[in-house]
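Keeping their order, the protein sequence lines are chains A and B.
If you want this note's numbering, it's the 1-based position in the first sequence plus 2.
If you want this note's numbering, it's the 1-based position in the second sequence plus 419.
A couple of the hints might just be wrong.
Covered stretches of chain A (in silico footprint by chain B; criterion: 3 or more residues with CB under 8 angstroms from a CB of chain B, positions within the stretch not fixed) [claimed, not checked]: (1) 34–44; (2) 144–152.
Below are the DMTMM-like pairs computed for lysine to aspartate or glutamate, each with C-alpha atoms no more than 25 angstroms apart in a straight line [said to hold, decoys possible]: (3) A:50 <-> A:211; (4) A:192 <-> B:489; (5) A:205 <-> B:741; (6) B:508 <-> A:190; (7) A:198 <-> B:622; (8) A:99 <-> A:196; (9) B:508 <-> A:212; (10) A:50 <-> A:212; (11) A:99 <-> B:489; (12) A:50 <-> B:706; (13) B:842 <-> A:108; (14) B:592 <-> A:38; (15) A:192 <-> B:706; (16) B:446 <-> A:212; (17) A:221 <-> B:555; (18) B:491 <-> A:21; (19) B:592 <-> A:21; (20) A:199 <-> B:713; (21) A:205 <-> B:423; (22) B:491 <-> A:108; (23) A:50 <-> B:614; (24) A:199 <-> B:423; (25) B:839 <-> B:614; (26) A:246 <-> A:80; (27) B:446 <-> A:36; (28) B:446 <-> A:62; (29) A:26 <-> B:423; (30) A:249 <-> B:423; (31) B:446 <-> A:38.
Hint data in this document are derived by calculation from the structure and do not stem from the laboratory.
Glycine included, every Cβ here is placed at the ideal spot set by N, Cα and C.
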Amino acid sequence: MKNAIIIGAGSTIASCVIDKLAAKDFNIYLLARDSEALLEKQQDLNVKYPNANIFIQAFDVLANSMDQITEKINICFDTLGTVEVVLIAYGTLPNQKLCENDLKEESSALRINGVSVLEICHHVANKLQLQKSGTLAVITSVAGLRGRQSNYIYGAAKSMVNIYLQGLRNRVNQYGVQVLTVMPGFVDTKMTAEFKKGLLWAKPGKVADDIVNAIFKKKDIIYTPWFWRYIMLIIKSIPESIFKKMKL
Amino acid sequence: MSHEYLSWGRINNATSMLDYAPISRNKNLDFADVNRILTYGNGRSYGDVCLSDQASIINSRFLNKFIHFDRKDGILTCEAGITLQEILKLIVPTGWFLSVTPGTQYVTLGGAIANDVHGKNHHAVGSFGCFVEEFELCLSSNERLICSKAQNANYFFATIGGLGLTGWIVWAKIRLLPICNPNMVTNSYKFANLDEYFALNTELAANNDYTVAWIDCLSSGAKLGRGIYFTGAHAGYQEELIQPKASHLGMPIYLPVSLINRYSLQIFNFLYYNRRQSSAPVMQHYEPFFYPLDAINNWNRLYGQKGFYQYQFVIPFTNAREVIAEVLKHISKRKMGSFLAVLKTMGDIGSGGLLSFARPGVTLALDFANQGNKTIELFRILDQIVLEAGGAIYPAKDACMSPELFMRGYPNLDKFKLLKDPKFSSNFWRRVVGE
Ligand SMILES: Cc1cc2nc3c(=O)[nH]c(=O)nc-3n(C[C@H](O)[C@H](O)[C@H](O)COP(=O)(O)OP(=O)(O)OC[C@H]3O[C@@H](n4cnc5c(N)ncnc54)[C@H](O)[C@@H]3O)c2cc1C
Ligand SMILES: NC(=O)c1ccc[n+]([C@@H]2O[C@H](COP(=O)([O-])OP(=O)(O)OC[C@H]3O[C@@H](n4cnc5c(N)ncnc54)[C@H](OP(=O)(O)O)[C@@H]3O)[C@@H](O)[C@H]2O)c1
Numbered sequence: 003m004k005n006a007i008i009i010g011a012g013s014t015i016a017s018c019v020i021d022k023l024a025a026k027d028f029n030i031y032l033l034a035r036d037s038e039a040l041l042e043k044q045q046d047l048n049v050k051y052p053n054a055n056i057f058i059q060a061f062d063v064l065a066n067s068m069d070q071i072t073e074k075i076n077i078c079f080d081t082l083g084t085v086e087v088v089l090i091a092y093g094t095l096p097n098q099k100l101c102e103n104d105l106k107e108e109s110s111a112l113r114i115n116g117v118s119v120l121e122i123c124h125h126v127a128n129k130l131q132l133q134k135s136g137t138l139a140v141i142t143s144v145a146g147l148r149g150r151q152s153n154y155i156y157g158a159a160k161s162m163v164n165i166y167l168q169g170l171r172n173r174v175n176q177y178g179v180q181v182l183t184v185m186p187g188f189v190d191t192k193m194t195a196e197f198k199k200g201l202l203w204a205k206p207g208k209v210a211d212d213i214v215n216a217i218f219k220k221k222d223i224i225y226t227p228w229f230w231r232y233i234m235l236i237i238k239s240i241p242e243s244i245f246k247k248m249k250l
Numbered sequence: 420m421s422h423e424y425l426s427w428g429r430i431n432n433a434t435s436m437l438d439y440a441p442i443s444r445n446k447n448l449d450f451a452d453v454n455r456i457l458t459y460g461n462g463r464s465y466g467d468v469c470l471s472d473q474a475s476i477i478n479s480r481f482l483n484k485f486i487h488f489d490r491k492d493g494i495l496t497c498e499a500g501i502t503l504q505e506i507l508k509l510i511v512p513t514g515w516f517l518s519v520t521p522g523t524q525y526v527t528l529g530g531a532i533a534n535d536v537h538g539k540n541h542h543a544v545g546s547f548g549c550f551v552e553e554f555e556l557c558l559s560s561n562e563r564l565i566c567s568k569a570q571n572a573n574y575f576f577a578t579i580g581g582l583g584l585t586g587w588i589v590w591a592k593i594r595l596l597p598i599c600n601p602n603m604v605t606n607s608y609k610f611a612n613l614d615e616y617f618a619l620n621t622e623l624a625a626n627n628d629y630t631v632a633w634i635d636c637l638s639s640g641a642k643l644g645r646g647i648y649f650t651g652a653h654a655g656y657q658e659e660l661i662q663p664k665a666s667h668l669g670m671p672i673y674l675p676v677s678l679i680n681r682y683s684l685q686i687f688n689f690l691y692y693n694r695r696q697s698s699a700p701v702m703q704h705y706e707p708f709f710y711p712l713d714a715i716n717n718w719n720r721l722y723g724q725k726g727f728y729q730y731q732f733v734i735p736f737t738n739a740r741e742v743i744a745e746v747l748k749h750i751s752k753r754k755m756g757s758f759l760a761v762l763k764t765m766g767d768i769g770s771g772g773l774l775s776f777a778r779p780g781v782t783l784a785l786d787f788a789n790q791g792n793k794t795i796e797l798f799r800i801l802d803q804i805v806l807e808a809g810g811a812i813y814p815a816k817d818a819c820m821s822p823e824l825f826m827r828g829y830p831n832l833d834k835f836k837l838l839k840d841p842k843f844s845s846n847f848w849r850r851v852v853g854e
C-alpha cells in the first residue's frame with residue numbers, strides 16, 4: 003500500500019482528492035482544523051474504504067506554533083514510513099476590504115495562505131529529500147498570477163507560494179522529488195459557497211481528478227480546469243498602464 | 420453572508436440573511452439571534468418548500484458523510500446532506516439498493532425524508548419514510564432528539580414528510596433492499612386511452628415491483644390518455660453486467676426562451692408514443708430506468724429564463740378514471756401539456772408521516788412552461804377538480820396551491836402544527852398556512 007498525508011483535509015477539494023487516493027488503496031494521514039469533523043471524516047472513510055488505514059490529527063496554522071506543526075508532520079512520517087504524496091490544501095479567502103482597514107487581518111491572511119505554507123513546505127521537502135522520493139503537491143491559485151484590487155492580499159500570498167515552489171522544485175528535482183503547483187480557477191467549494199456560480203465554475207471533483215492525474219503523471223504545474231492557462235495568459239498580457247484602470 | 424437560493428422550477432427564489440455551512444454534525448449552530456430557519460437540501464423541489472426569505476439557511480451540502488454501514492443486514496446510517504447518488508455508489512456494489520427512490524438521484528437524504536418521497540414501487544412497498552429506522556432531529560433550541568417509532572415517535576411522524584419544519588435532520592438510519600446486481604429487467608406496453616391504462620394497471624401493478632406510465636397529454640378524443648406503461652424488476656444472475664453510460668449532455672446556460680412549446684411538445688409526444696417497442700423484456704442499468712432525466716445536467720434550463728411549474732396531485736381510486744380524464748381534457752384543449760406527464764397508482768402502505776403526500780389513489784405529475792397568468796388560470800381549474808375529488812397536491816412540486824386546498828388535502832395539519840418548530844419556516848408554509 004502507498005501512503006499520503008493531506009494537510010488541510012477539511013477542504014472540499016482535498017476531500018475529493020482523499021476519496022480518489024483511498025480508492026487507489028492509499029493509507030492516509032489527515033490533518034485538519036476541526037477535530038470533531040476529522041473524527042467524522044475518518045469514520046466516513048472507514049465505511050467507504052474498509053481496507054485503508056486512516057489516521058487523523060488536528061492542526062491549526064494560526065493557533066499552533068511552527069514547532070508544534072513540525073512535530074505533527076514528524077508523527078505522520080513516523081507512522082506511515084515512506085510517504086508517496088503530501089498535499090497542502092488549506093487556505094482562506096480573506097475579506098479584502100477588511101484587510102485594507104485592518105493590518106492584523108491582513109497579516110493573518112498572509113500567514114495562513116502564504117508564510118505558513120512555506121514553512122510546512124520547508125519541512126516536508128526536507129523529509130522527501132531524505133527519502134529520495136515522493137510528491138509535494140500544493141494548491142495555490144490563478145489569483146497569484148496577477149494582483150487585482152479585489153483580492154491582492156490573497157493573490158500576494160498565493161504568488162509567494164508559487165515562486166517558492168518553483169525554487170524548491172529546482173532544488174529537489176535531483177533527489178527524485180516531484181513538486182506540483184496546482185492553480186485552480188473558480189471552484190464550487192465551502193470557500194465560495196456564497197458566490198453566484200457561472201460558466202467558469204468547476205466542480206471540486208473535476209479539480210481533484212486533475213490533481214490526482216498530475217501527481218501520477220509527475221507534472222510540475224497545472225491549471226485546473228485547463229482553460230485557465232489561456233485566461234491567465236490574456237490577463238497577464240494586459241499592459242499595466244491599462245490594467246491599473248480596470249475594475250477587476 | 421447571504422446567498423440566493425433557487426428551486427428546481429427556477430421560478431421561485433429566496434435570499435437568505437445568513438448561511439450556516441456546518442462541517443461537523445456534532446457541533447451546534449448558533450440559532451440564538453435568528454428568527455427564521457430552514458434547511459436546504461439540494462434544491463430539487465420545484466416550488467418553494469425549500470426556500471425561505473429573510474431566513475438563516477442551513478446548507479446541508481457539507482454534511483455528506485457516512486456514519487455506519489451494516490453490510491450484512493443492509494442498514495445504513497449517514498449524514499442527511501448526502502445525496503442518494505452518493506449512497507448508491509457505496510451500496511450497489513455490495514448488493515444493496517435504496518428501498519424507495521424518487522425520479523432523480525440528486526436529492527439529499529434529508530430532503531427525501533422531509534418530503535417523504537415516493538417511487539415507482541409505491542404501490543408495493545410505500546414511501547421513503549417506511550424505511551427510515553431513526554434519525555437525529557435538532558430543534559431551534561439546539562435540543563437534539565433521537566427519533567424513531569419507539570422514541571420521540573410524535574416528532575418521528577411529524578418530521579417524515581414534515582417539509583423541513585420540525586427542525587434540522589442531522590443524520591438518519593435507513594433500511595436497504597437486497598439486490599443481485601445493478602441491472603433491471605424492464606417491459607413496456609402501449610395503451611391507447613385511459614380505459615386501457617386502468618385495465619393494464621390492474622394486471623401489471625399486482626405482479627410488478629416497479630410500475631409507472633408516461634402519457635401523451637396532447638392527445639384527445641378517443642385517444643385521450645394514451646401512453647406507455649413501464650414495469651421493472653431488479654434482475655437476477657447475469658452472465659454479463661451492463662455498464663451505465665457516462666453522460667456528457669448538459670445545459671450550461673439559461674436560454675432566453677423555452678425550447679419547450681406546443682410545437683416541440685407535439686413532435687416529441689408523437690415520436691415518443693410511436694417509437695419502436697420491444698415486445699421482449701429489456702435489460703437496463705438502473706440509472707436510465709430510475710433516473711432518465713439525470714442524463715441531461717440542468718435539464719430544467721430547457722424551459723428558458725421564465726422557468727416552469729410542476730403540478731402533481733393524487734386522487735382517491737373512486738372515480739379516478741373520470742377525474743383524470745377531465746384533467747387531461749382541460750390540458751389538451753389548451754395545448755399546454757407537458758412532455759413529462761407521469762401517471763401512477765399508489766398503494767395503501769403509509770409511512771405514518773403527518774403531512775405525507777403519498778396515499779392510496781392515482782397520481783398524475785405534469786410539467787408546464789411558465790406562461791404567466793395562462794398557466795395559473797389552468798392550475799385554478801385543476802385545483803378545483805382535485806379539491807372536489809378529495810385529492811391533494813404535492814408540496815415538493817408546488818408553487819401555487821391555495822391554503823384551502825392544502826388544509827383539505829392534509830387533514831393532520833392541526834396535529835402537525837403542535838410539533839412544528841417555532842423558528843423553522845419556509846415560503847411554502849407562509850403561503851399556505853401563515854406565520
Ligand atoms: C427530476 C426530478 C424527479 C423527481 N421525482 C420524484 C419522484 O418520483 N417522487 C417524489 O416523491 N419526488 C420526486 N421529485 C421531488 C424530489 O424528490 C423532492 O423535492 C426532494 O425532497 C428534493 O430533495 P432535496 O434534497 O433537493 O431537498 P430540497 O428540495 O432542498 O428541500 C426539500 C425539503 O426538505 C427539507 N430538508 C432538506 N434537508 C433537510 C434536513 N437535513 N433536515 C430537515 N429538512 C430538510 C427542506 O427544508 C425542504 O422543505 C423529483 C424531483 C426532480 C427534480
Ligand atoms: N474554491 C476556489 O474557488 C479556489 C480557487 C483557487 C484556489 N483555491 C484554493 O484551494 C484550496 C482548497 O480550498 P477549498 O476551495 O477546498 O476551500 P475550503 O473547503 O474552504 O477549504 C479550506 C480549508 O482550509 C482550512 N483552514 C482555514 N484556516 C485554517 C487554519 N488557520 N489552519 C488550518 N486549516 C485552516 C479550512 O478548515 P475548516 O474546514 O476547519 O474550515 C478548510 O478546510 C485553498 O488553498 C484555496 O485557496 C480555491
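Keeping to a limit of 25 angstroms between CA atoms, is the pair of residue 205 of chain A and residue 741 of chain B held or broken? violated (48 angstroms)
Need the status of pair residue 50 of chain A, residue 211 of chain A: alpha-carbon distance at most 25 angstroms? holds (18 angstroms)
Please verify whether residue 446 of chain B and residue 38 of chain A have alpha carbons no more than 25 angstroms apart. Given pair residue 446 of chain B, residue 38 of chain A holds - Cα atoms ~8 angstroms apart, limit 25 angstroms.
Has the given pair, residue 446 of chain B with residue 212 of chain A, been kept, meaning a C-alpha gap of at most 25 angstroms? Distance of about 33 angstroms is beyond 25 angstroms: violated.
Next pair to validate is residue 221 of chain A with residue 555 of chain B; report whether the Cα-Cα distance is within 25 angstroms. With Cα atoms ~45 angstroms apart, residue 221 of chain A and residue 555 of chain B exceed 25 angstroms; violated.
Can you tell me if the stretch 34–44 of chain A counts as covered by chain B, using C-beta to C-beta distances under 8 angstroms and a minimum of three residues? holds (count 5)
Satisfaction of hint between residue 108 of chain A and residue 842 of chain B, Cα-Cα up to 25 angstroms: violated (37 angstroms)
For a C-alpha distance cap of 25 angstroms, please report whether residue 839 of chain B and residue 614 of chain B respect it. Violated, because 43 angstroms separates the two Cα atoms, which is more than 25 angstroms.
What's the verdict on residue 508 of chain B and residue 212 of chain A, does the C-alpha distance respect the 25 angstroms limit or exceed it? Roughly 21 angstroms separates the two Cα atoms, so the pair holds.
Has the given pair, residue 192 of chain A with residue 489 of chain B, been kept, meaning a C-alpha gap of at most 25 angstroms? With a Cα-Cα distance of about 30 angstroms, the restraint between residue 192 of chain A and residue 489 of chain B is violated, given a limit of 25 angstroms.
Please verify whether residue 198 of chain A and residue 622 of chain B have alpha carbons no more than 25 angstroms apart. Answer violated: residue 198 of chain A to residue 622 of chain B is near 50 angstroms, above 25 angstroms.
Are the Cα atoms of residue 99 of chain A and residue 196 of chain A separated by 25 angstroms or less? holds (17 angstroms)
Of the numbered hints listed earlier, those contradicted by the structure are 2, 4, 5, 7, 11, 13, 15, 16, 17, 22, 23, 25, 26, 29.
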